[in-house]
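Engineer: My request is simple: use the sequences and hints to build the entire structure.
Protein chains: 2
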Amino acid sequence: MIPGFTGSPLDRVDAWRQDPAAVADAMASPRARLLRLNGLDPAPGADGLLDWTSLAEADPDHDLALLGLIDGEPRFVALTPAVAPAARRSAALTVMLDHLPASEAATFAVARSLVDWHARHRFCARCGTPTAMFRAGWGRRCPTCRAEHFPRTDPVVIMLAEHAGRVLVGRQRSFPAGRYSALAGFVEVGESIEEAVARELAEEAGVTATGVRYLVSQPWPFPSQLMIACIAPVAGDTLRLDDNELEDAFWATRDDIRAALATDPAARFIAPPPYAIAHTLFALWLAEQGS
Amino acid sequence: MIPGFTGSPLDRVDAWRQDPAAVADAMASPRARLLRLNGLDPAPGADGLLDWTSLAEADPDHDLALLGLIDGEPRFVALTPAVAPAARRSAALTVMLDHLPASEAATFAVARSLVDWHARHRFCARCGTPTAMFRAGWGRRCPTCRAEHFPRTDPVVIMLAEHAGRVLVGRQRSFPAGRYSALAGFVEVGESIEEAVARELAEEAGVTATGVRYLVSQPWPFPSQLMIACIAPVAGDTLRLDDNELEDAFWATRDDIRAALATDPAARFIAPPPYAIAHTLFALWLAEQGS
Chain S
1 MIPGFTGSPL
11 DRVDAWRQDP
21 AAVADAMASP
31 RARLLRLNGL
41 DPAPGADGLL
51 DWTSLAEADP
61 DHDLALLGLI
71 DGEPRFVALT
81 PAVAPAARRS
91 AALTVMLDHL
101 PASEAATFAV
111 ARSLVDWHAR
121 HRFCARCGTP
131 TAMFRAGWGR
141 RCPTCRAEHF
151 PRTDPVVIML
161 AEHAGRVLVG
171 RQRSFPAGRY
181 SALAGFVEVG
191 ESIEEAVARE
201 LAEEAGVTAT
211 GVRYLVSQPW
221 PFPSQLMIAC
231 IAPVAGDTLR
241 LDDNELEDAF
251 WATRDDIRAA
261 LATDPAARFI
271 APPPYAIAHT
281 LFALWLAEQG
291 S
Chain D
292 MIPGFTGSPL
302 DRVDAWRQDP
312 AAVADAMASP
322 RARLLRLNGL
332 DPAPGADGLL
342 DWTSLAEADP
352 DHDLALLGLI
362 DGEPRFVALT
372 PAVAPAARRS
382 AALTVMLDHL
392 PASEAATFAV
402 ARSLVDWHAR
412 HRFCARCGTP
422 TAMFRAGWGR
432 RCPTCRAEHF
442 PRTDPVVIML
452 AEHAGRVLVG
462 RQRSFPAGRY
472 SALAGFVEVG
482 ESIEEAVARE
492 LAEEAGVTAT
502 GVRYLVSQPW
512 PFPSQLMIAC
522 IAPVAGDTLR
532 LDDNELEDAF
542 WATRDDIRAA
552 LATDPAARFI
562 APPPYAIAHT
572 LFALWLAEQG
582 S
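Residue numbers (the working numbering), protein chains in the order written: chain S, 1 to 291; chain D, 292 to 582.
What the hints contain is simulated information worked out from the structure, not anything from laboratory work.
Glycine included, each C-beta is placed from N, C-alpha and C at the ideal position.
Hints may contain errors.
As the list claims (entries may be wrong) - Using C-beta positions, here's what the derived DEER-type ranges look like:
hint : chain 1 : residue 1 : chain 2 : residue 2 : range
1    : S       : Arg173    : D       : Pro467    : 50 to 56 Å
2    : D       : Leu532    : S       : Met27     : 24 to 30 Å
3    : S       : Met27     : D       : Pro434    : 36 to 42 Å
4    : D       : Phe513    : S       : Ala287    : 38 to 44 Å
Unchecked claim - Beyond 10 Å from chain D on every Cβ pair, some chain S residues (computed):
hint : residue
5    : Ala22
6    : Thr53
7    : Ala259
8    : Ala266
9    : Ala267
10   : Phe269
11   : Pro273
12   : His279
Structural biologist: Right under this line is the structure:
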């Protein structure tokens with residue numbers, strides 16, 4: 001069971017990022033390739049895969065970020081400042097993601113998070129001066145105060161509260177009709193994964209975690225979360241929902257989860273798609289139940 | 292075994308952050324307390340604990356952030372823009388941390404990360420305009436482009452490569468004399484915890500992870516990391532060190548780890564302090580070995 005957006009064949013060649021000569025060589029290489037994007041979405045390529053073109057196709061006004069190497073070939077993406085930052089995925093992308101192989105989606109995730117971060121971080125947060133890319137696209141530096149800024153990765157806990165053989169699923173108002181998922185929230189400064197899980201379950205559903213067990217993680221490039229999936233036994237099943245966060249929630253049985261993952265038309269709810277870690281979390285929990 | 296900087300009694304009352312009337316009431320409460328800091332360090336209080344004072348002591352020029360409630364009392368910290376941002380802890384703080392109870396250190400961690408983030412993020416990264424605090428200190432908003440910015444939490448993997456009953460410890464040039472620790476590195480955009488562990492071990496030590504097992508996490512407020520501790524069995528014990536990252540590394544036995552944790556003068560290396568997650572990671576690994 002491979003989590004979504006993982007398994008990219010990309011070798012990030014971190015050492016090259018601090019070696020301008022290595023980056024210049026990579027850019028001059030006839031084997032260098034540029035990822036084609038439509039805004040923040042992948043341009044459709046042959047066989048429904050990602051599309052790569054020559055660096056000669058790049059707009060000379062755009063910086064190029066070095067994603068890394070695939071099959072020994074340097075892979076770049078153009079940093080398009082005019083991209084409208086979009087935390088949510090487009091309807092077209094949602095359709096694409098249903099068909100894109102996980103390893104292709106994983107390479108796209110790196111590019112999307114990086115392009116979006118540059119577009120939304122063109123000025124120094126410390127002094128307000130326009131910044132310039134450095135480290136081959138893996139940072140921006142301020143020419144005035146010399147502050148260095150690096151791409152953000154925001155850790156998010158996503159968890160199944162578990163009680164008497166059932167797990168808690170909830171829906172936000174913004175979800176598609178019928179969709180329920182595991183509860184989730186950002187890890188805040190000054191707290192551990194375990195503390196964030198307990199806090200979010202208490203805040204959103206009024207339930208008290210008696211333990212927290214890590215299961216699996218994946219990146220989520222909308223815009224750049226690290227999703228950390230856990231299971232938390234809770235002390236009771238009485239819910240007190242935070243109406244701002246959750247429109248509804250209920251305790252799902254093994255059969256409910258199995259039907260949802262099987263996209264059974266009679267299922268009690270519609271599960272998130274396979275590339276979302278909630279799907280993986282449901283499947284891992286079900287496997288643990290021996291069914 | 293409680294990880295460092297966890298176990299704060301703070302109730303973050305997230306709902307209040309979006310309720311200006313609740314925050315105003317909290318500020319007007321005679322029970323409201325202000326955390327006393329010297330720059331980014333705690334001001335020493337009675338019995339070596341944190342020191343809290345009346346909100347009347349706050350500089351009226353400084354915004355106050357609502358940390359949350361302790362013992363039902365609203366707790367605030369002043370956002371001092373002149374604080375010199377310091378990723379490293381001061382010598383005085385290092386001494387303090389050896390004596391501060393974990394729950395006190397955990398409350399301090401929230402305050403320190405928050406104050407430091409505001410000091411380094413006073414301008415809009417999207418358009419360069421000076422921003423203003425909102426959400427009771429848990430964010431900043433741009434008056435020009437309306438972008439909202441939230442405190443950063445940077446996930447870091449820290450891991451013990453394990454081979455034939457030994458684990459890999461390494462030292463950076465900047466470490467105190469004799470200190471060795473687990474290897475560590477930032478999780479990048481577009482990768483999972485498991486992928487980050489494998490990448491860092493390959494980059495820094497040239498070893499190949501055959502699996503990754505999550506153990507425990509904690510915040511690290513210098514400035515605001517989320518430390519994610521793992522154990523990774525590796526395929527072989529031949530090392531190829533990245534000289535930029537590591538000055539030295541070796542495979543430590545159970546006895547080596549036990550002696551280091553016991554601060555045995557004859558120990559092969561000096562372990563990180565108990566409030567560092569590497570210490571917890573060593574102790575958990577040792578416990579797993581049945582010794």
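Engineer: Each hint: holds or not?
Structural biologist: Status of the hints after comparison with the structure:
One distance hint, 50 to 56 Å for the beta-carbon pair arginine 173/S and proline 467/D, holds here, with the actual separation near 52 Å. Evaluation of the 24 to 30 Å hint for leucine 532/D and methionine 27/S yields a pass: the beta carbon distance comes to about 29 Å. Checked against the hint of 36 to 42 Å, the C-beta distance between methionine 27/S and proline 434/D comes to roughly 40 Å, which is consistent with it. For the pair phenylalanine 513/D and alanine 287/S, the supplied restraint of 38 to 44 Å holds, since their beta-carbon distance comes to about 39 Å.
Every C-beta of chain D lies more than 10 Å from that of alanine 22/S, the closest at about 14 Å, which supports listing it as non-interface. With a cut of 10 Å on Cβ distances, threonine 53/S stays outside the contact zone with chain D, its closest approach being about 21 Å. Distance to chain D confirms alanine 259/S as a non-interface residue, since its nearest Cβ pair spans about 28 Å, more than 10 Å. With 10 Å as the threshold on Cβ separation, the claim that alanine 266/S sits away from chain D holds: the shortest Cβ distance comes to roughly 34 Å.
Separation of alanine 267/S from chain D is adequate, the least Cβ-Cβ distance of about 28 Å exceeding the 10 Å criterion. The beta carbon of phenylalanine 269/S is kept farther than 10 Å from every beta carbon of chain D, the shortest such distance being approximately 26 Å. Separation of proline 273/S from chain D is adequate, the least Cβ-Cβ distance of about 17 Å exceeding the 10 Å criterion. The Cβ of histidine 279/S lies farther than 10 Å from every Cβ of chain D, with a closest approach of about 15 Å, so its non-interface assignment holds.
The structure is consistent with each of the numbered hints, conforming to all of them.
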